[in-house]
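K.L.:
As a plain string of letters, each chain reads:
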Amino acid sequence: MSNVLFDVPGPKARLRHQILAVVGVIGVAGIVGFIGYRFYDSGQFAPKMWEWLQYTTIQEQLAERILATLKAFALGAVMAMLFGAILAAGKLSEHAIWRGPATVIVEVFRAIPLLIMIFFFYFGLPAIDIKMSQFTAVVVGLTLYNGSVLAEVFRAGIMSLPRGQTEAAYALGMRKTQVMVLVLLPQALRVMLPTIVSQLVVLLKDTALGFIINYKELLDYAKYLGGQGQFGRPLVPVTLVVAAIYVTMCLLLTWLAVTLEKRNRRDKKLTPIDTKALDDVAIPAASQSM
Amino acid sequence: MRARTLAAVLLAGGLALTACGKEGTPGDTGGTAPSQAVASDVKLDGSPTFEKIKSRGRVVIGVKEDQPGLGFKDPTTNKYSGFDIEIAKLVAAKLGFAEDKIDYKAIASAGREQALINGDVDYYVGTYTINAGRKEKVGFAGPYYTAGQDLLVRKDDTAITGKDALKGKKVCSVTGSTPIKKVKEEGLTEPENITEFQNYSQCVSKLAEGSIDAVTTDDAILKGYAAQEPDKFKVVGKPFSNEPYGIGLSKEDTVLRGKLFDILEAALKDGTWQSIYDSTLGKSGSAATKPLIERY
Amino acid sequence: MSLLSTYSGLFLSAFATTLKLFAFSAVGSLLLGTILAMMRVSPVPVFRAAGATYVTLVRNTPLTLVFFFFTFAYPLLKILKLDYEQGAIVALTLYTSAFICEVVRSGINTVPVGQAEASRALGLTFTQMLGSVVLPQAMRSVVPPLVSTLIALLKNTTVSAGFSVGDAGAIQSTLSEEGANMLVGLSWVAFFFVVLVLPLTFLQRSLEKRWSVAR
Numbered sequence: 001m002s003n004v005l006f007d008v009p010g011p012k013a014r015l016r017h018q019i020l021a022v023v024g025v026i027g028v029a030g031i032v033g034f035i036g037y038r039f040y041d042s043g044q045f046a047p048k049m050w051e052w053l054q055y056t057t058i059q060e061q062l063a064e065r066i067l068a069t070l071k072a073f074a075l076g077a078v079m080a081m082l083f084g085a086i087l088a089a090g091k092l093s094e095h096a097i098w099r100g101p102a103t104v105i106v107e108v109f110r111a112i113p114l115l116i117m118i119f120f121f122y123f124g125l126p127a128i129d130i131k132m133s134q135f136t137a138v139v140v141g142l143t144l145y146n147g148s149v150l151a152e153v154f155r156a157g158i159m160s161l162p163r164g165q166t167e168a169a170y171a172l173g174m175r176k177t178q179v180m181v182l183v184l185l186p187q188a189l190r191v192m193l194p195t196i197v198s199q200l201v202v203l204l205k206d207t208a209l210g211f212i213i214n215y216k217e218l219l220d221y222a223k224y225l226g227g228q229g230q231f232g233r234p235l236v237p238v239t240l241v242v243a244a245i246y247v248t249m250c251l252l253l254t255w256l257a258v259t260l261e262k263r264n265r266r267d268k269k270l271t272p273i274d275t276k277a278l279d280d281v282a283i284p285a286a287s288q289s290m
Numbered sequence: 001m002r003a004r005t006l007a008a009v010l011l012a013g014g015l016a017l018t019a020c021g022k023e024g025t026p027g028d029t030g031g032t033a034p035s036q037a038v039a040s041d042v043k044l045d046g047s048p049t050f051e052k053i054k055s056r057g058r059v060v061i062g063v064k065e066d067q068p069g070l071g072f073k074d075p076t077t078n079k080y081s082g083f084d085i086e087i088a089k090l091v092a093a094k095l096g097f098a099e100d101k102i103d104y105k106a107i108a109s110a111g112r113e114q115a116l117i118n119g120d121v122d123y124y125v126g127t128y129t130i131n132a133g134r135k136e137k138v139g140f141a142g143p144y145y146t147a148g149q150d151l152l153v154r155k156d157d158t159a160i161t162g163k164d165a166l167k168g169k170k171v172c173s174v175t176g177s178t179p180i181k182k183v184k185e186e187g188l189t190e191p192e193n194i195t196e197f198q199n200y201s202q203c204v205s206k207l208a209e210g211s212i213d214a215v216t217t218d219d220a221i222l223k224g225y226a227a228q229e230p231d232k233f234k235v236v237g238k239p240f241s242n243e244p245y246g247i248g249l250s251k252e253d254t255v256l257r258g259k260l261f262d263i264l265e266a267a268l269k270d271g272t273w274q275s276i277y278d279s280t281l282g283k284s285g286s287a288a289t290k291p292l293i294e295r296y
Numbered sequence: 001m002s003l004l005s006t007y008s009g010l011f012l013s014a015f016a017t018t019l020k021l022f023a024f025s026a027v028g029s030l031l032l033g034t035i036l037a038m039m040r041v042s043p044v045p046v047f048r049a050a051g052a053t054y055v056t057l058v059r060n061t062p063l064t065l066v067f068f069f070f071t072f073a074y075p076l077l078k079i080l081k082l083d084y085e086q087g088a089i090v091a092l093t094l095y096t097s098a099f100i101c102e103v104v105r106s107g108i109n110t111v112p113v114g115q116a117e118a119s120r121a122l123g124l125t126f127t128q129m130l131g132s133v134v135l136p137q138a139m140r141s142v143v144p145p146l147v148s149t150l151i152a153l154l155k156n157t158t159v160s161a162g163f164s165v166g167d168a169g170a171i172q173s174t175l176s177e178e179g180a181n182m183l184v185g186l187s188w189v190a191f192f193f194v195v196l197v198l199p200l201t202f203l204q205r206s207l208e209k210r211w212s213v214a215r
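First to last, the sequence lines map onto chains D, G and W. Okay, so the first sequence: first residue is 1 according to full-length UniProt numbering, each after it adds one. Okay, so the second sequence: first residue is 1 according to full-length UniProt numbering, each after it adds one. Okay, so the third sequence: first residue is 1 according to full-length UniProt numbering, each after it adds one.
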């Protein structure tokens, strides 16, 4: 919290803040209350609308769909990291033969909307006899897009390390690969962890695009349940529940990463790298990829 | 920290829910269809699809899951029911596979050709209209039912009496479907009044809510919805097209296609078809018109 | 090429819709995002909490779900009628503003504390200090990532294709209805996006380079 922007409030300011706080609370409560009232008034809180939650089969289906979402996420994440690492290595290569294609791939895949890529794999490629299931199309799309974004992140992370690291490693007689694998990558990974995690959250959220090509994931199930006449078409309750599930999954992922990072920091006797320099590279990379 | 609390709350909530888990259905949607005798020692030489089914030991059938009366999956019991499902079961039985050897795969209209071309399903039974364009991509056996495009409107709507009363009305159908193409080609309503979604149930939700005025597709599908909620919807009842439903399969597999034609022809002759109709769509009260099989 | 000339009308109107969605939601999310950012650094805790909650919730929700809500669930609440295009603009605006807020906020944080202290010493109020001193300076570090966020917004407009809006993402379904070659069609769609996005990427890079030297 950047509370450096204002003084410790004096008596007058405190009063003003208190008035503002009251106004703010009333405002926020007003908005939330109004929305809540609309929900209530349009019958969204009626017990019938929430009855579906009680059925064992529906709970099982819900769990199954969460797994389907997580499956696409897990496979997509692993492959995107691999693909990103390969592209980053290409972009950092001293040979133009590698650097050129890697740069082109990164630029092109970052410029094409992920949904168009998924359409391309699912609807376009069968014209030349390459057939993919919805799951594969989603995973391949996620891999190529996020891999390209991660390539930039990895590259920026390695570039942000002090030159002395490379020079010292070379001075010790290490080879190019050794310098990269033993010296640069471990440091860069730690440095870029927050950005990588926020990209993984993006990847997790983007699995929901599978909805549009009918991949049987969580949001697709929301659509199905929300259309059930026998429960009174509980579209609003279903959306709320599914949104809560997505938010929880994303927050858990972030929390997991932060915990891992903390433990990592504690283990190593190194001082954390100055993150000020990193923020400059990390911010554009992170926001590029929402 | 916040995430941990959230997770704990959610977990507790989930446990609480499971504790009071319900079984069964809220309303009776059941209807007993005749069970089919399973054939044994079926041989189909030169059919790659059948080879695949044999080696797998199970049939994978593409169906619709959101069309009451035709292809519908009950979310509380996970059981499929409807006319299309019974036809799918009949075919599986005649190929030598009982009900417990069937895996249903729900596939929406826009993905049907792809699923068949990709080999995701062995065959597809789900309000699949036979036409020349599709025949270039997939094979068809049938028709096993002849439907016609009609309109579903709100019960209290008296303005929409047929396809010519649609001008200025908001019409909804499924992306890439035959009915929406017809609406566009014949200019039944203005382009800005056309809404497209992935499934008919989404259109029906919008109709119930009031932001569209009519759902258009085959009368069989619409009757299914009207029967489910008769106090909300009605079918206009003036079909304006001829939609022969076929079983979709791989274009190359002519051996399986021939076998499916045989199965359907036999079923129409010996009364099996009639009993399937009576136990499903027949419940809507309208009489059946037997389709004429067109071999190719 | 022949596919492009046959469907030139479709491509033109679809990309026009895409640009329209982009323009409206860009303006909307810049406004809302800046307001949210100001809330997040304000001295009033309630505002900070409200801003933070909004950003956390929205950033962790898939855009497709936001669209789903505005197309199917929102009309049931009967608040204000939106057609599909307006619904798409609202969904994109609400989603993107959370990201814009974070960009602006981290931009504010890059302005040295001394600047804020000096303005306070001169007797400026919080709003004056933000508006006349901190935000103008923050612009430098804000604009490059802001351009990135807008690029993402441009690409995200395609999601509306799944919700009955005839934008560039929906070209696919019309081509499919007409039985056209989708490999070629989708390649063209992808190509036009690259054409639209690359200049923005280069603008972002050059701004970043120029302004990071000036600092």
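Rather than coming from a laboratory, the hints here were simulated on the basis of the structure. A portion of the hints provided could be inaccurate.
Keeping only pairs whose Cα atoms sit at most 20 Å apart, straight-line, the calculated EDC-like set for lysine to aspartate or glutamate is [as the list claims (entries may be wrong)]:
no., chain 1, residue 1, chain 2, residue 2
1, G, K54, G, D120
2, G, K79, D, E261
3, G, K184, W, E117
4, G, K135, D, D129
5, D, K12, W, E177
6, G, K73, G, D45
7, G, K73, D, D129
Just a few of them, taken from the derived set where beta-carbon distance is under 10 Å, the chain W residues facing chain D [stated by the list, open to error]:
no., residue
8, G9
9, T64
10, V66
We put the beta carbon where it would ideally sit given N, CA and C, even for glycine.
K.L.:
None of the hints should be skipped; say for each whether it holds.
P.N.:
Here is how each hint holds up against the structure:
Only pairs whose Cα atoms come within 20 Å are accepted, and G:K54 paired with G:D120 is accepted, the gap being roughly 15 Å. As the CA atoms of G:K79 and D:E261 are separated by approximately 46 Å, the hinted pair breaks the 20 Å bound. Only pairs whose Cα atoms come within 20 Å are accepted, and G:K184 paired with W:E117 is rejected, the gap being roughly 65 Å. Between the alpha carbons of G:K135 and D:D129 the distance comes to roughly 17 Å, so the proposed pair stays at or under 20 Å and holds.
Of the supplied pair hints, the one linking D:K12 and W:E177 is violated, its CA atoms being roughly 68 Å apart against a limit of 20 Å. Among the hinted pairs, G:K73 with G:D45 is inconsistent with the structure: their alpha-carbon atoms are about 34 Å apart, more than 20 Å. Taking the CA atoms of G:K73 and D:D129, the gap is about 32 Å. The hint is violated against a cut of 20 Å. Taking 10 Å as the C-beta cut-off, the interface hint given for W:G9 is violated, the closest approach to chain D being about 20 Å.
About 4 Å separates the beta-carbon of W:T64 from the nearest beta-carbon of chain D, less than 10 Å, and the hint is met. Hint on W:V66 holds. Least Cβ distance to chain D is approximately 9 Å, under the 10 Å limit.
Of the numbered hints given earlier, the model fails hints 2, 3, 5, 6, 7 and 8; all others are met.
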